[in-house]
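A.B. asks: Numbering (my numbering), first residue to last: 368 to 798.
Do not take every clue at face value.
[Unchecked claim] Pairs of lysine-lysine residues, derived as DSBU-like cross-links and limited to a Cα-Cα distance of at most 30 Å, are as follows:
#: 1; residue 1: Lys575; residue 2: Lys618
#: 2; residue 1: Lys579; residue 2: Lys618
#: 3; residue 1: Lys618; residue 2: Lys668
#: 4; residue 1: Lys798; residue 2: Lys669
#: 5; residue 1: Lys618; residue 2: Lys798
#: 6; residue 1: Lys579; residue 2: Lys517
#: 7; residue 1: Lys474; residue 2: Lys517
#: 8; residue 1: Lys575; residue 2: Lys585
#: 9; residue 1: Lys517; residue 2: Lys668
#: 10; residue 1: Lys618; residue 2: Lys474
#: 11; residue 1: Lys401; residue 2: Lys585
#: 12; residue 1: Lys585; residue 2: Lys474
Calculated directly from the structure, the hints in this document are not laboratory data.
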Amino acid sequence: MDEARRAVRATLEEMELNFKLDPLSLGDRSDYNKGCAEIVGLLSRVRAHAPRGTSAGGSGRLAPNDGAADGKDIGKSTNKAAMKVGSTAIPTRSYETHDLLKAIDRKDVETIMAIRDSNFDLLLDLGGSSSANTNAKNYTPLGYAMSQGKEWEGICIVLTGALSRFVNQLPDPEEVDLSSHDAAKPATTGTSKAPRSLRRQLDARTMKRLRKVRANLKLAINGSLALEQTSLLASYCQVLNMSEGDMFIEKSIGAVQHALHARIVGGGSSISTDSIITSADPFAIARYAVLQYVTEALRSKKDRIAALEDFISNSVGDLILMSLWDAIRLQTPESSVLSETEQAAAIPDLAEPLPTYFFARDDRVSTSFVERVNGLAQALELVRAHSNVPKIKRHARMLNRANEVSQAFTESMHRLTSTERLNILHTVIMK
């Protein structure tokens with residue numbers, strides 16, 4: 368019996384942990400965790416009775432409020448519980464600043480994770496979400512852990528992981544079509560406007576958290592340089608770039624693609640794209656894009672930190688590959704033709720940009736680039752066999768360079784490092 372109780376207790380604890388790990392900042396829970404909460408709610412209302420004839424009063428009869436009377440209320444209680452699931456979390460302990468500092472001092476990862484789940488704002492500044500203490504707000508938990516010494520690097524990783532988790536769980540900005548809204552307005556004479564769209568912004572609370580996350584990371588970068596603890600610098604930079612979202616990557620790809628076209632095809636030495644100035648050197652532009660959000664102190668020392676240089680090489684190479692693929696991928700008329708052929712299953716990969724979540728993640732971009740370039744060659748042969756397909760403007764030089772890059776990557780006898788990939792790219796693109 369004790370073994371069964373232990374197993375049940377372990378199961379309930381596992382269910383509670385999974386429930387806590389759901390993205391609390393987004394105000395929603397998975398169907399699995401909603402179901403677990405329902406089960407726990409039902410079990411909490413189950414009442415165990417002594418066998419008949421052995422009741423506490425010795426009368427041998429059930430208490431007046433037990434049995435069928437309780438059964439009538441179970442449905443009502445269940446409905447109430449169902450309404451609360453997703454909005455009411457399993458009760459958790461309330462943590463304060465001193466609990467977090469104590470957990471950092473003791474390297475108590477479990478408590479830090481619990482604080483992350485129950486009060487994420489505590490991980491952003493030591494003043495908490497409601498404190499007016501300015502000095503405390505400028506002193507972050509990550510900075511405090513760094514100040515304890517190199518032995519606390521594991522705790523720094525845990526705290527950085529919590530910031531990264533928050534960034535990864537942010538909802539993608541949605542494109543809101545304003546065409547119907549415009550159609551309701553009186554039409555103006557003489558002009559016809561193209562459909563408009565508006566990028567929906569995050570709510571104010573989430574934006575405030577996001578700004579604090581970025582401030583934490585920039586303070587961590589400067590603190591790492593001051594304390595000469597540079598092993599996690601690349602991680603701070605990666606999460607900082609991730610916090611800028613897809614807009615950062617898309618804008619950078621557009622700027623680098625202009626530079627690639629100017630370099631490979633010709634027809635312009637520089638083009639202004641919002642805040643990014645595109646010159647004929649796509650690698651310089653990609654490098655600028657990667658470093659534009661880091662601190663000035665880091666820019667001045669970036670070439671002396673090996674781990675950071677590896678991150679920069681990987682990111683620059685990824686931007687070049689993503690930009691090159693975006694210039695040669697299948698267009699809508701071509702994919703429409705292929706939808707009726709054996710290549711139909713490959714159309715989503717061949718017609719879409721490389722996923723932004725591949726960016727700066729080892730060699731995911733380069734591996735996917737090689738696979739898609741190889742598939743594109745076969746797809747284009749099928750497209751050319753259909754005379755009714757309108758001619759797509761895809762410059763042959765861009766396509767040739769993409770094939771040369773793919774071939775150079777596959778000819779290597781070992782897995783290429785980020786620096787080796789970047790050197791190959793530079794040799795092929797800039798020749």
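A.B. asks: Please go over all the hints and tell whether each is borne out by the structure.
C.D. replies: Each hint, compared with the structure:
Under the criterion of a C-alpha separation no larger than 30 Å, the hint pairing lysine 575 with lysine 618 is consistent with the structure, at around 23 Å. A distance of roughly 23 Å separates the Cα atoms of lysine 579 and lysine 618; the hinted pair therefore holds under the 30 Å criterion. Distance hint between lysine 618 and lysine 668 is fulfilled; the C-alpha atoms sit about 26 Å from each other, no more than 30 Å. For the hint pairing lysine 798 with lysine 669, the CA-to-CA distance comes to about 27 Å; that is within 30 Å, so the pair holds.
Proximity of lysine 618 to lysine 798 is assessed by CA-CA distance (about 26 Å); at most 30 Å being required, the pair is judged to hold. For a cut-off of 30 Å, the pair hint linking lysine 579 to lysine 517 stands: about 24 Å separates their Cα positions. Simply put, lysine 474 and lysine 517 have alpha-carbon atoms about 12 Å apart, close enough for the 30 Å limit, and the pair holds. For the given pair, lysine 575 sits about 16 Å from lysine 585 by alpha-carbon distance, which is consistent with the 30 Å threshold.
For the proposed pair lysine 517 and lysine 668, the alpha carbon gap of about 20 Å is at most 30 Å, so the pair holds. Straight-line distance between C-alpha atoms of lysine 618 and lysine 474 comes to about 40 Å, which puts the hinted pair past the 30 Å bound. Between the alpha carbons of lysine 401 and lysine 585 the distance comes to roughly 37 Å, so the proposed pair goes past 30 Å and is violated. Distance restraint check for lysine 585 and lysine 474: the Cα-Cα separation of roughly 23 Å lies within the 30 Å cut-off, and the hinted pair is therefore satisfied.
Comparing the model with each numbered hint stated earlier shows that hints 10 and 11 do not hold.
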